[in-house]
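Engineer: Given chain A's structure and the hints, the job is docking chain B onto it.
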Amino acid sequence: MPQSHNDGSNLHTYIAALRRYAKALTEDPAEADDLVQECLTRAIARVSFWGQIRNVRAYLFSILHNVHVDRVAQKRKFGNVVSLEEVSVSLATPHAQHANLELRDLERALALLPEEQRRVILLVGLEGMTYREAADVLHIPHGTLMSRLFRGRETLRRLMAGETVRNLRRVK
Amino acid sequence: MNTNPNPYPGTLAEEDIHAYVDGHLEAERRAEIEAYLAAHPAEARRVEDYRAQNIRLHALFDAHRHEPIPPSLQYLQIQLGGALRRQRAVRKTARLLGSVTVLALAWVAGYWGYQNYEPRTDPLVAFTKEAAEAHLLYAGRSGIAPAQGETGDFNVVAWLSQRVTGAPLREPNLESFGFSFVRGRILPTANGPAAQLLYRDKEGVPVTLYISASQNKRQTRFTFVQEGSNALFYWQNANFAYSLIGELDKDKLLQIAQLISKGLSAAQESVKEAAGPASDQPAKAAKRSVAAEPTQDPASASTPKAEAKSPAPALSAPVPAVDTGTDAAVKPAASGAGAEDGTSPAGAEPDAGLGHGKQAPSAEPEPKAEPMPAPVPAAPAAEEQQKES
Chain A
85 MPQSHNDGSN
95 LHTYIAALRR
105 YAKALTEDPA
115 EADDLVQECL
125 TRAIARVSFW
135 GQIRNVRAYL
145 FSILHNVHVD
155 RVAQKRKFGN
165 VVSLEEVSVS
175 LATPHAQHAN
185 LELRDLERAL
195 ALLPEEQRRV
205 ILLVGLEGMT
215 YREAADVLHI
225 PHGTLMSRLF
235 RGRETLRRLM
245 AGETVRNLRR
255 VK
Chain B
5 MNTNPNPYPG
15 TLAEEDIHAY
25 VDGHLEAERR
35 AEIEAYLAAH
45 PAEARRVEDY
55 RAQNIRLHAL
65 FDAHRHEPIP
75 PSLQYLQIQL
85 GGALRRQRAV
95 RKTARLLGSV
105 TVLALAWVAG
115 YWGYQNYEPR
125 TDPLVAFTKE
135 AAEAHLLYAG
145 RSGIAPAQGE
155 TGDFNVVAWL
165 SQRVTGAPLR
175 EPNLESFGFS
185 FVRGRILPTA
195 NGPAAQLLYR
205 DKEGVPVTLY
215 ISASQNKRQT
225 RFTFVQEGSN
235 ALFYWQNANF
245 AYSLIGELDK
255 DKLLQIAQLI
265 SKGLSAAQES
275 VKEAAGPASD
285 QPAKAAKRSV
295 AAEPTQDPAS
305 ASTPKAEAKS
315 PAPALSAPVP
325 AVDTGTDAAV
335 KPAASGAGAE
345 DGTSPAGAEP
355 DAGLGHGKQA
365 PSAEPEPKAE
375 PMPAPVPAAP
385 AAEEQQKES
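Those sequence lines, one after another, are chains A and B. Everything in the first sequence is counted per the working numbering, starting at 85 for the first residue and increasing by one. Everything in the second sequence is counted per the working numbering, starting at 5 for the first residue and increasing by one.
Since the hints were derived computationally from the structure, they do not count as laboratory data. Virtual Cβ for every residue (Gly too), placed ideally from N, Cα, C. Treat each hint with caution, since some may be false.
[Unchecked claim] Derived CB-CB ranges, DEER-like:
(1) B:Leu109 - A:Ser231: 51 to 59 angstroms
(2) A:Arg188 - B:Leu100: 54 to 62 angstroms
(3) B:Ala46 - A:Thr125: 42 to 50 angstroms
(4) A:Ser231 - B:Ala48: 17 to 25 angstroms
(5) B:Ala43 - A:Val156: 38 to 46 angstroms
(6) A:Thr125 - B:Ala39: 49 to 57 angstroms
(7) A:Asn94 - B:Ala46: 39 to 47 angstroms
(8) A:Pro113 - B:Gly27: 27 to 35 angstroms
(9) A:Asn184 - B:Arg99: 45 to 53 angstroms
(10) B:Val112 - A:Gln158: 54 to 62 angstroms
(11) B:Arg33 - A:His96: 29 to 37 angstroms
(12) A:Lys159 - B:Leu100: 43 to 51 angstroms
[As the list claims (entries may be wrong)] Some chain A residues near chain B, calculated using beta-carbon distances under 8 angstroms:
(13) Leu95
(14) Arg103
(15) Glu191
Same shape as in the complex, but just chain B:
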């Protein structure tokens, strides 16, 4: 009870004496006081007097406690007891109602979240579905045949990247894996246009790369989804979301995905470095960025050309990310967040796939890259308008 430090060592604080008399002290402090009192008989007598006062107060007045309560007070006691019980009941009910309300709200919120989960919480999942559907539609065995003029001239990757980042890119070169670029097309989606690139190997096995503007500007690692007979990897950087689909072995598809990710981001970097003019020649630009990175192994340079010359390092590169992919495949819906739990850093990073020392920061496009060019100039225009008016 009394924890005030005693300002005068060797004496007792007055409050200690009273707390001792009234029995408010902890055992430890009580023992200290008793030791002190044993050495100070005058103080001990004082304490005894105070104690006697308490005892005599009870002797004087306790008799009144056993007198019968007069009827007028009994009546009030019953009334007060009822009021107190009602109050307790109200509080109890309010608490109960409170918890019921919380439960109901949680249920409603949970149901609502469940109903709205896919479109709201993970645009990537919707994106991969679109990608898989588009793959079946345009590249599957019974897919739609190419229309005239769809091949070649129009570079859909350049168009899309120009639209999203302001810098055109070329489609990735997958010749090192035996896949040749067939054609590209722009597909309308709920979140704006997407580019679909179709590749085929010599036997005609299709692989499609599906690219659209990143919806939530979040980096995600390679995430694996098995869509029927098709394997699908998706990943996302600050600007683009990618989905690579093919009826392929998962490991091979991952290697292709890593090559694409590496190549595209390197090209994007070099485009940024070269600030525009070099954008028509991404291979050259990428080479320039390679030169600027002394630590990079030239054999594994990330440009498609370099890959084509020496495919061996890419193929033999360790692919620990397969485990990550398996984990993610268990719960593809949660992969937006769940993929970040991946435990294999080398393979899990979209841009570290080749495993040859390219530093992560430079390998990934800066998140501050212009999101959508359209709204940015809109603001100054609005300001000008205000100035005029």
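Okay, chain A solo, but in the shape it has when bound:
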């Protein structure tokens, strides 16, 4: 952990990272900014006069995670369910604008991962968090984090290699 995240002086950097993570998570820029906005609003309300936030970055990501979990639960409640067949169809339809074939494949593969694995892969692989930080942000034990990371990376690898993978993401 070479970086120190214990003060608000890098707030601009953190917010940029939150937006990136939210976009990777939702695949929808408007929804991503909405997530970040709610995250920041909650954070402002929670930064108490007397408390102390040791790791501002992890704190903000943790709130963003909570917001996202709430949103996902809401969607589930209102029946925004996507069947596996639909996912397969959408896989076949190239909607990504990336010219680079490998990037496009990764984007698609990532979209197929179960949400929980995707979060871990993004926090660790994209945001560069330590396993401990990521586990804190997601409120899960170290072992759970590691097994999600193992499975997620292996699934991505096999999807990228063109293999068919079972037990993929059913709900979006």
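Structural biologist: Structure of chain B alone, referenced to chain A:
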């Protein structure tokens, strides 16, 4: 980062592979992994794939980091930054206030301690002051002349020791140093009665021994204080605090103090051994205790009688404690604790002054000796009262 031992030698723990991919390993472990991967091409390919995933994730999403932040988020950023800064400022102020409070408390406590130092922390110092004042008052050149009937009959040491330990003692005999007992008196003090014993040599030079009940039941060694032209040694055992004052050479005064300490504690011991009846004859009792100690040199027996017969050993006894006394004299106020730093064990122990092998434990009165007789019977009486009611 990853320190889990690998349960399967020759293979890699899965966590090691990922920690390697994510760059969380120490150099040493990293080198081990690289050696392993060099020998396992399939695993090496897997690692490369995982690495490529990380690189491509950045390629996919990093563009979003450089997009301008929309105004709604900018506004929230400013608000959050302000909240975080306020929080830091509060913590900083609280820390500062905390240290200021600690400093203020320390100052107040220090001042209070300074104000209350003498009476509270060292009753011995107050005791020596009383002793010195009493010496000036009753034994000094312009001192108060003895009132009629003050001499002789009333044994103040016996009275005081009876009061404190329940066993009467006689005043020490200093004839071996050329000092004759003149008279004793009981003086009232804030901490109960004190006995003052006045001795004079042939030229009329006074020495007084001042005895009162020990206030804190703590052993202290001989401590020297120069009070004007008077030299003063004080010491304390479990039962009594002593102060010996005289316009004398320090070394000589110390020898007298050692003789007194030895004699008194030996007498006290023998009184305890004889359990009462022998208390009228401390010389005999002390002799009995001498007989019970085969290692003791009879010539230096601690009874006044024996001393009177052979003063030579006492006088020629080594007196290394003088150094201790000098040290203590530098800071007399701290001597209650400071005197324990004395580096000369033989002379520094109040009862080892004669240096003739009397063992320390037997030479000193047991600390468990009855402190004040009054409160002890009071408790059973109270119990009886409760039983009756």
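Engineer: The structure should be examined with respect to each hint, and the outcome stated for every one.
Structural biologist: Going down the list of hints, with the structure as the test:
Distance hint check: the CB atoms of B:Leu109 and A:Ser231 are about 53 angstroms apart, consistent with the given range 51 to 59 angstroms. The supplied range of 54 to 62 angstroms is met by A:Arg188 and B:Leu100, whose beta-carbon atoms lie about 56 angstroms from each other. Judged by the Cβ atoms, the range 42 to 50 angstroms given for B:Ala46 and A:Thr125 holds: they are separated by roughly 49 angstroms. About 23 angstroms separates the C-beta atoms of A:Ser231 and B:Ala48, a value consistent with the hinted range of 17 to 25 angstroms.
The hinted window of 38 to 46 angstroms between B:Ala43 and A:Val156 holds, with their beta carbons roughly 44 angstroms apart. Checked against the hint of 49 to 57 angstroms, the pair A:Thr125 and B:Ala39 passes, with Cβ atoms roughly 51 angstroms apart. With their beta carbons about 41 angstroms apart, A:Asn94 and B:Ala46 fall inside the hinted range of 39 to 47 angstroms. For the pair A:Pro113 and B:Gly27, the beta carbons lie near 29 angstroms from each other, so the given range of 27 to 35 angstroms is met.
At roughly 52 angstroms, the beta carbons of A:Asn184 and B:Arg99 sit within the given window of 45 to 53 angstroms. Checking the proposed 54 to 62 angstroms range against B:Val112 and A:Gln158 shows it holds: the Cβ atoms sit about 59 angstroms from each other. Separation of B:Arg33 from A:His96 is about 35 angstroms and conforms to the stated range, judged on CB atoms against 29 to 37 angstroms. About 49 angstroms separates the C-beta atoms of A:Lys159 and B:Leu100, a value consistent with the hinted range of 43 to 51 angstroms.
With its C-beta approaching chain B no nearer than about 5 angstroms, A:Leu95 sits inside the 8 angstroms limit, and its interface hint holds. For A:Arg103, the shortest C-beta to C-beta distance to chain B is roughly 6 angstroms, which falls under 8 angstroms, so the interface hint holds. At a threshold of 8 angstroms, the smallest CB-CB gap from A:Glu191 to chain B is about 6 angstroms, leaving the interface hint in force.
Comparing the model with each numbered hint stated earlier shows that all of them hold.
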